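Trainee: Line by line, the protein sequences give chains R and F. Residues 1 to 336 (the UniProt record's numbering) are what the first sequence spells out, left to right. Residues 1 to 302 (the UniProt record's numbering) are what the second sequence spells out, left to right.
The hints are simulated quantities; they were obtained by calculation from the structure and are not laboratory data. Please read these numbers as outputs of a predicted model, since none were measured by experiment. Some hints could be false.
[What the hints assert, rightly or not] Between beta-carbon pairs, the in silico distance windows are:
1. R:L279 / F:P150: 42 to 48 angstroms
2. F:R105 / R:G298: 44 to 50 angstroms
3. R:R71 / F:N240: 52 to 58 angstroms
4. R:R71 / F:D273: 36 to 42 angstroms
5. R:T106 / F:E248: 35 to 41 angstroms
6. R:K90 / F:R61: 57 to 63 angstroms
[As the list claims (entries may be wrong)] Derived lysine-lysine pairs resembling DSSO-like cross-links, with alpha carbons at most 30 angstroms apart:
7. R:K262 / R:K184
8. R:K81 / F:K272
9. F:K255 / F:K272
10. R:K236 / R:K262
11. F:K47 / F:K272
12. R:K184 / R:K236
13. R:K262 / F:K101
14. R:K99 / R:K263
15. F:K56 / R:K296
16. F:K151 / F:K65
17. R:K137 / R:K262
18. F:K101 / R:K90
19. R:K137 / R:K211
20. R:K263 / F:K221
21. F:K65 / F:K47
22. F:K151 / R:K81
23. F:K255 / R:K90
24. F:K255 / F:K239
25. F:K255 / F:K151
26. F:K272 / R:K90
27. R:K296 / R:K236
28. R:K81 / R:K99
29. F:K101 / F:K151
30. F:K239 / F:K65
31. R:K296 / F:K272
32. F:K176 / F:K221
33. F:K221 / R:K90
34. F:K151 / F:K176
35. R:K263 / F:K239
36. F:K272 / F:K239
[To be verified] Chain R stretches covered by chain F per the calculated footprint, using a threshold of three residues with CB under 8 angstroms from any CB of chain F:
37. 73-79
38. 100-110
39. 180-190
40. 201-211
Note that beta-carbon positions come from the ideal geometry of N, C-alpha and C, so glycine has one too.
Chain by chain, the residues:
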Amino acid sequence: MNSIKRYVQYSKLNLCIVLSKGILIGFVLGTLTIHLFASSSQYMSIKNDLSQHPIVYQTDEPIHLKTKRSRILCWITTSPKTHLRAQLIKDTWGRRCDKLLFMSSTQDDTLPDAIVLPSTVNDTYENLWGKTQEALKYLYLHHLDDAEWFYKADDDTYAIIENMRYLLSEFDASSALHLGFKYKNPGVQQGFMSGGSGYVLTKEAIARFVKIGLPKLNSSNISENANVDLCVSGSKGLEDLNLGSCLEILNVTAGDSRDDNKKERFLPLSLENMICGHLNNTDNNFLQQWAFYPLKPGIDCCSPYAVSFHYVEDYELKVYEYLIYGLRLYERNTKS
Amino acid sequence: MISQQIIDEDLTRAIVPVSPLQQVSSLSEKFNFKGDRILCWVITSPKTHSRAQLIKQTWGRRCDKLLFMSSIQDDTLPEAIPLPVNDTYANLRGKTQEALKYLYRHHLDDADWFYKADDDTYAVMENMRHLLSSFNASMPLHLGFKYEHPKVRHGFMSGGSGYVLTKEAIRRFVEKSQQSKGNFTSGKQCVLDHEGPEDLNLGICLEELNVTAGDSRDENKVERFLPWSLEDMICGHLKNPGFWYLREFSYFPLKQDMDCCSPYAVAFHYVKDYQLKVYEYLIYGLHVVMYTTSEQLNTIYS
Chain R
1 MNSIKRYVQY
11 SKLNLCIVLS
21 KGILIGFVLG
31 TLTIHLFASS
41 SQYMSIKNDL
51 SQHPIVYQTD
61 EPIHLKTKRS
71 RILCWITTSP
81 KTHLRAQLIK
91 DTWGRRCDKL
101 LFMSSTQDDT
111 LPDAIVLPST
121 VNDTYENLWG
131 KTQEALKYLY
141 LHHLDDAEWF
151 YKADDDTYAI
161 IENMRYLLSE
171 FDASSALHLG
181 FKYKNPGVQQ
191 GFMSGGSGYV
201 LTKEAIARFV
211 KIGLPKLNSS
221 NISENANVDL
231 CVSGSKGLED
241 LNLGSCLEIL
251 NVTAGDSRDD
261 NKKERFLPLS
271 LENMICGHLN
281 NTDNNFLQQW
291 AFYPLKPGID
301 CCSPYAVSFH
311 YVEDYELKVY
321 EYLIYGLRLY
331 ERNTKS
Chain F
1 MISQQIIDED
11 LTRAIVPVSP
21 LQQVSSLSEK
31 FNFKGDRILC
41 WVITSPKTHS
51 RAQLIKQTWG
61 RRCDKLLFMS
71 SIQDDTLPEA
81 IPLPVNDTYA
91 NLRGKTQEAL
101 KYLYRHHLDD
111 ADWFYKADDD
121 TYAVMENMRH
131 LLSSFNASMP
141 LHLGFKYEHP
151 KVRHGFMSGG
161 SGYVLTKEAI
171 RRFVEKSQQS
181 KGNFTSGKQC
191 VLDHEGPEDL
201 NLGICLEELN
211 VTAGDSRDEN
221 KVERFLPWSL
231 EDMICGHLKN
241 PGFWYLREFS
251 YFPLKQDMDC
261 CSPYAVAFHY
271 VKDYQLKVYE
281 YLIYGLHVVM
291 YTTSEQLNTI
301 YS
């Protein structure tokens, strides 16, 4: 009798515990959902009138997005000569990143908050690989918890962050992933991402590079594979190729960032060259020859959901800002 | 329209175009505010017929009728009208006058509005129709970016970003020029030879003919015809801290930075060659995906 009583009391207690746990979880999920809903309000700044630029609305954000965070940290490589561009990026597309960092070799009045990486290397194009290693180390040490996605761009890049979020929603932020415009190369079977139009890395990709890739580059310890560095050592070489090669060794996936119609979203050449690819010049010929996926001709080169443009210099950044976000197309709403 | 083509069949992630358009047979029906047709006449020259081709492929096809005013015939460009002029910048005035004569003789009934552009102009025709819907096409009217000048009390329209004339404006100009054969009225400023600043002279003549120089700015008093490159329009105050013609001689006070240019801008200038295709892509090809809720979407659609 007593044991039954105890059993009933025990199960009542159990039930109570389970119930209160349930309520607690429900409460937490509820607040999380509300919080995420509230944070999605940043997307709801739309003009409620008949006149619209082709802005496409996606209704009822997918459930998995509501319960996962997808912050984007943008890190821009710049240099003292082009700090004006950094300022212009701050004024235009940069402010749509969840976090915005500028990597330069000095701070000055134009860019007082530039991050100055350890100047083990000179600020030249040849030493870009060295700079990239330093930058990724810096992000790993100081910013890995600030975002799920890490987007690297040059200071002559214009990015559309909304379309970037749309792209990234297709992928798993907890995986080891690398996204961008893919080039093929005999040394990198899965391809590597062009530095020009920028690329995105997940937290895990950066962690693997810094924890596993880097030590092999810089340390004097010799691994089991005695004479072989895991990744290209030193600071010289093609930054994007070296990174891609290293990431492949570290089993970081080189994803496909094209849209549903197989159109590229990261655009490594100027829009003029991308659209008019038939123009005979070295850049276009290189692209045709080394693009990982077959390029589409003409205006099909470029996805309607493009994510970044390259070679947008100085004040042209404001021209893009105006044409993409400022200009409206007046269309008569035929429902009225 | 592009926005209609991207309807996603997957209902769980419906990408909904914001303003669905009916299927209509002609452009003017599609944007039929008042049945107003626009004839676009683009000034080009034998050396730049390639730009004319690019205009044909981009914004030109949104005009109800498209003509190119050149000086030679061209089999690859059937819309090119060979006008009897020498093709130099100095002769632009002569070309404009010959073009207006040509329009008067052959096309006055083809449209209600006549939009003149250069072959390095990019026009946004939807916004042009929206602008014109608030004016009366049967009146004598001249619309564009207005400059001030001592010789023209109500201002003249910049040739660069293009201007719009009504049927009546063209009729008055051509008929008067035919009557006077050189002089409009005795001792007047309007001249009909072939040299000199085209847009200023046209402005002078039209004012003498009582053609109204309209205000084409939007409801926030922001310019819609943009006579300088977008880079100069937006950042010109930074690039030209000293003297800048646009700032000194614009008829209305010019706003700076992103405020310079209306969201309903109608024409951009100095868009050369393949840049025309870049503008076409950025304005019509590109979409920006923004998340919203069903409630918000209902308010957009209602």
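Trainee: For each hint, tell me whether it holds in the structure or not.
Mentor: Hints versus structure:
1. R:L279 / F:P150: 42 to 48 angstroms: holds (46 angstroms)
2. F:R105 / R:G298: 44 to 50 angstroms: Because 38 angstroms falls outside the window, the suggested range is violated.
3. R:R71 / F:N240: 52 to 58 angstroms: violated (40 angstroms)
4. R:R71 / F:D273: 36 to 42 angstroms: holds (41 angstroms)
5. R:T106 / F:E248: 35 to 41 angstroms: holds (39 angstroms)
6. R:K90 / F:R61: 57 to 63 angstroms: violated (38 angstroms)
7. R:K262 / R:K184: holds (17 angstroms)
8. R:K81 / F:K272: holds (28 angstroms)
9. F:K255 / F:K272: holds (25 angstroms)
10. R:K236 / R:K262: violated (34 angstroms)
11. F:K47 / F:K272: holds (13 angstroms)
12. R:K184 / R:K236: Roughly 20 angstroms separates the two Cα atoms, so the pair holds.
13. R:K262 / F:K101: violated (50 angstroms)
14. R:K99 / R:K263: Distance of about 28 angstroms is within 30 angstroms: holds.
15. F:K56 / R:K296: Holds. K56 of chain F to K296 of chain R sits at ~22 angstroms (cutoff 30 angstroms).
16. F:K151 / F:K65: violated (34 angstroms)
17. R:K137 / R:K262: Judged against 30 angstroms, a Cα distance of about 34 angstroms means the pair is violated.
18. F:K101 / R:K90: violated (52 angstroms)
19. R:K137 / R:K211: holds (9 angstroms)
20. R:K263 / F:K221: Not satisfied, since the Cα-Cα distance of roughly 40 angstroms exceeds 30 angstroms.
21. F:K65 / F:K47: holds (23 angstroms)
22. F:K151 / R:K81: Between K151 of chain F and K81 of chain R the Cα gap is close to 47 angstroms, so the pair fails against 30 angstroms, i.e. violated.
23. F:K255 / R:K90: holds (22 angstroms)
24. F:K255 / F:K239: OK: K255 of chain F and K239 of chain F at ~15 angstroms, within 30 angstroms.
25. F:K255 / F:K151: holds (25 angstroms)
26. F:K272 / R:K90: holds (28 angstroms)
27. R:K296 / R:K236: With Cα atoms ~33 angstroms apart, K296 of chain R and K236 of chain R exceed 30 angstroms; violated.
28. R:K81 / R:K99: holds (23 angstroms)
29. F:K101 / F:K151: holds (24 angstroms)
30. F:K239 / F:K65: violated (38 angstroms)
31. R:K296 / F:K272: holds (24 angstroms)
32. F:K176 / F:K221: violated (34 angstroms)
33. F:K221 / R:K90: holds (28 angstroms)
34. F:K151 / F:K176: holds (20 angstroms)
35. R:K263 / F:K239: Answer violated: K263 of chain R to K239 of chain F is near 37 angstroms, above 30 angstroms.
36. F:K272 / F:K239: holds (21 angstroms)
37. 73-79: With 0 residues in contact (Cβ-Cβ under 8 angstroms with chain F), the coverage given for the region 73-79 of chain R is violated.
38. 100-110: Result for this restraint: violated, n = 0.
39. 180-190: n = 0 at 8 angstroms, threshold three: violated.
40. 201-211: With 0 residues in contact (Cβ-Cβ under 8 angstroms with chain F), the coverage given for the region 201-211 of chain R is violated.
Hint violations for this structure: numbers 2, 3, 6, 10, 13, 16, 17, 18, 20, 22, 27, 30, 32, 35, 37, 38, 39 and 40, all remaining hints satisfied.
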